[in-house]
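Peer 1: For reference, the chains in residue letters:
Number of protein chains: 2
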Amino acid sequence: MSKKDNILIIGAGLCGSLLALRLAQRGYTVNVYESRPDLRTTDISAGRSINLALSDRGLKAMRLAGVEDKVKPLCIPMFGRLIHDIEGNTFPSNYSGRDNEYINSISRGELNGLLLTEADSYDNLTIHFNKKCNGIDIENNTARLYDYETKIETEVKGDVLFGTDGAGSSLRKSYYLERKFLFSYSQNYLTHGYKELEIPASAEKKHQISKDYLHIWPRGDYMLIALPNLDGSFTVTLFLSYEEGKYNFNNLTTEDTIKEFFATQFPDALALIPNIADEFFNNPTGALGTIKCSPWHYQNKNVLLGDSAHAIVPFYGQGMNASFEDVTVFDSIIEQYEGDWETIFKVYEKTRKADTDAIADLAIDNYYEMRDHVANPIFKEKRAIEMALEKEFPNDYFSKYSMVTFKEDIPYHTAMTKGRAQDKAILNLIADKKIDTNEDLSSIFKKVQQETEAILKNDMVAGLK
Amino acid sequence: MSKKDNILIIGAGLCGSLLALRLAQRGYTVNVYESRPDLRTTDISAGRSINLALSDRGLKAMRLAGVEDKVKPLCIPMFGRLIHDIEGNTFPSNYSGRDNEYINSISRGELNGLLLTEADSYDNLTIHFNKKCNGIDIENNTARLYDYETKIETEVKGDVLFGTDGAGSSLRKSYYLERKFLFSYSQNYLTHGYKELEIPASAEKKHQISKDYLHIWPRGDYMLIALPNLDGSFTVTLFLSYEEGKYNFNNLTTEDTIKEFFATQFPDALALIPNIADEFFNNPTGALGTIKCSPWHYQNKNVLLGDSAHAIVPFYGQGMNASFEDVTVFDSIIEQYEGDWETIFKVYEKTRKADTDAIADLAIDNYYEMRDHVANPIFKEKRAIEMALEKEFPNDYFSKYSMVTFKEDIPYHTAMTKGRAQDKAILNLIADKKIDTNEDLSSIFKKVQQETEAILKNDMVAGLK
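Chains P and Z, in that order, are what the protein sequence lines are.
According to my numbering, the residues represented by the first sequence are 404 to 868, in order.
According to my numbering, the residues represented by the second sequence are 404 to 868, in order.
None of these hints come from the bench; they were simulated from the model.
One should not assume that every hint holds.
A pair holds if it fits inside one copy or across any two, identical chains being indistinguishable in the list.
Here are the simulated DSS-like cross-link-like pairs (lysine-lysine), alpha carbons at most 30 Å apart as the crow flies [to be verified]:
no., residue 1, residue 2
1, Lys463, Lys407
2, Lys849, Lys836
3, Lys463, Lys821
4, Lys756, Lys608
5, Lys598, Lys609
6, Lys860, Lys849
7, Lys756, Lys649
8, Lys704, Lys576
9, Lys649, Lys583
10, Lys749, Lys649
11, Lys649, Lys704
12, Lys756, Lys560
Quantities reported herein were computed from a predicted structural model and do not represent experimental measurements.
Throw the hints in and build the complete structure from the sequences for me.
Peer 2: As structure tokens, then:
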């Protein structure tokens, strides 16, 4: 096949629009079909997370597509977590011991719009909005597209078809239902759901709490977080069980119970959220699911990228970054095997699958860590030691969080394996009183390194991954 | 609800027929619907594994239902693995250091038939054959049943409905497709499939190789196993990749390549299998999949048991035992909460889920162990040490395999956690030359215990399960 390959992309979300842009830059003829209206001209944020954390893996992909400079002005740097206790006291907990490492709060809509506008500038790329994909024939590479405006369903055919249509992917559904091959598939839900609320800007259009942090109200069984927006507001997300515990989504059904819940658990947040009950009733409750599958492609015809292949829970702030990194990795494999799509698809999954599985598992780990461990003394001590090590040895020590978030050239799977061993080493050195915070940092660093290596070696001998 | 509850059971396989029997013994009115004809009068073994390993968890369930004495005569004890190398040399590897611990080869059909006959003896229980379930309405507890003889579909309704219809369960399909609740679900396939072959009995109706072992021909990328039947034959199973490696199911398509494969890899087995190519071509290739899901029930109405809730790969010989153990556990929970089905279903899953997840994961581990580790020196040394420990300390030392297979009162999850730590301890003690086979066994035992405890403690401190 030649560069004149006609490419169909289903879904113009964050991953689809970046992929489309990059394939257009490579000279392919690209047609993108999106079920929703153009978000640059219509407000369609209802029920969706309206800001996200953009970090180094995502920025690397922006650089690849030549848009990093345009993305930067949309970013609000967050240097750490600001933990709010039940009395309203706050405690900062930086993400890194290095000054230049931070994550960015960014509007999903603004970023998506920017990518669409960039994509629009290519003559060989067309975006079709309001076209809902009603099904894909994976053998013939045809998609049935229903036009919400004309009410007519048409069929389009591509040489190669990409499913970037998110967690509810129609291409993945075809893989599952058509049974043309053994399709390994999992969807796993947490017992918690989430609901978005808003802390509005002050009358002076300013942020009412510090915009330099990701705010977090950890309460064990439930948790509130808040990320800043450019307009002075914060998007707040409540994570809460559907049916367990004293407070849950099933039993918070009256204005009184909702107010009591916030007044006793998040009093400082409640003071900043007007009409809490209205927001609570009107905003949808979202599910928190992890999706994994394999294979990601069918023959040389079609392939899944982004959330359609690997939806993850939001607790590591890596969902968007992982999807953008998919495009970076995919692009590097096109570079090697251009013209041979089947090889590209195979090598892509072989290269990438362990990493997307790893970030999915890390995100689940963080669900527990954010709820519980941030308030646990031994985990706090570990965090303090790691901050000190990163500050003292900025080129040599990297916590698991730093490897995942700031070291875009370390694959997720490597970051997970090394990071988990390192965490286990430090926690056990603390528990066994083999290190303490008054000790010389070089001595601590050496012990952590030795213990980490011993753990990795022992796991290897036992045949564990 | 009273004991007069009308119970519908979909599927009269091993789990369904045992469950039906037990519920009839408890006095419920039970109707069982099975899509296949009565296997006591029809040969329907085509394509199914025709013998299985019955061990202590399964036998405990037989005891509960009062049929252990009738099952025992169907059993052929296997005391260990007999490993066949590529030159045809054999090496025994016992399952336990205790003389009274062994697993049993048993015919699936004979055992299923025995359970059906026992069930038939209850007036309050009726088994309906040739009734295929075409769908279940989980809200109304109705099943659409197509009768293969009359060609008519009818609808039946129960107070409580059980899905014991195996890996392709129609009840589980309804849970997945009806989307009445968040249904976590996974299906994961190995890259290998399997095919059954036969070593016939000798002219004198005798076994041609020892019937006291599970025979195994481990070859790294593929493997052959054989279990004895009462009629003198062996059921042989080939585990082979679909598409990877020099030999695979996709490329073994001619008589010549099949014969060459067996002649070079399994020469002693080939000598015992007449018409290898015919068998290879005529017998289906089966997939090896693991299925997990949650929740297992809907309200107080219906519930999944056995393979329909948790299909596993066959490499630990625990699939049937786990399904039988489901009935044991379920029965003990009925005992506590009889009359309150919703509580029974909830407590059952809460009690049981971690254990069925554990045996699923252990079975995958054994897939790698059986192919590779049995030929790996360090794993061989570990096995030798464990046999010696079990022989010397029969009441105190239990290998992971022994806990899973012979200690029916240790839950699978406990056996997995302790067993994995113990394996890791022994392997690392060997690798670090901290124990050797000439050492005093009491000293080895003490070191293994200490190291195992240290591993479990370190995992706990790090928050690992």
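Peer 1: Work down the list of hints and note, for each, if the structure agrees.
Peer 2: Hints and how they fare:
1. Lys463 with Lys407: within (27 Å within a copy, 66 Å between copies)
2. Lys849 with Lys836: Both. Shortest intra-copy (15 Å) and inter-copy (24 Å) distances satisfy the 30 Å Cα cut-off.
3. Lys463 with Lys821: within (22 Å within a copy, 43 Å between copies)
4. Lys756 with Lys608: Neither, since 44 Å and 51 Å both go past 30 Å.
5. Lys598 with Lys609: within (24 Å within a copy, 69 Å between copies)
6. Lys860 with Lys849: Both, since 16 Å and 23 Å are each at most 30 Å.
7. Lys756 with Lys649: between (39 Å within a copy, 24 Å between copies)
8. Lys704 with Lys576: both (16 Å within a copy, 29 Å between copies)
9. Lys649 with Lys583: Only across copies: Lys649 and Lys583 sit 24 Å apart there, 47 Å inside one copy, limit 30 Å.
10. Lys749 with Lys649: between (49 Å within a copy, 19 Å between copies)
11. Lys649 with Lys704: between (51 Å within a copy, 26 Å between copies)
12. Lys756 with Lys560: within (28 Å within a copy, 45 Å between copies)
Hint compliance for this structure: hint 4 alone is broken.
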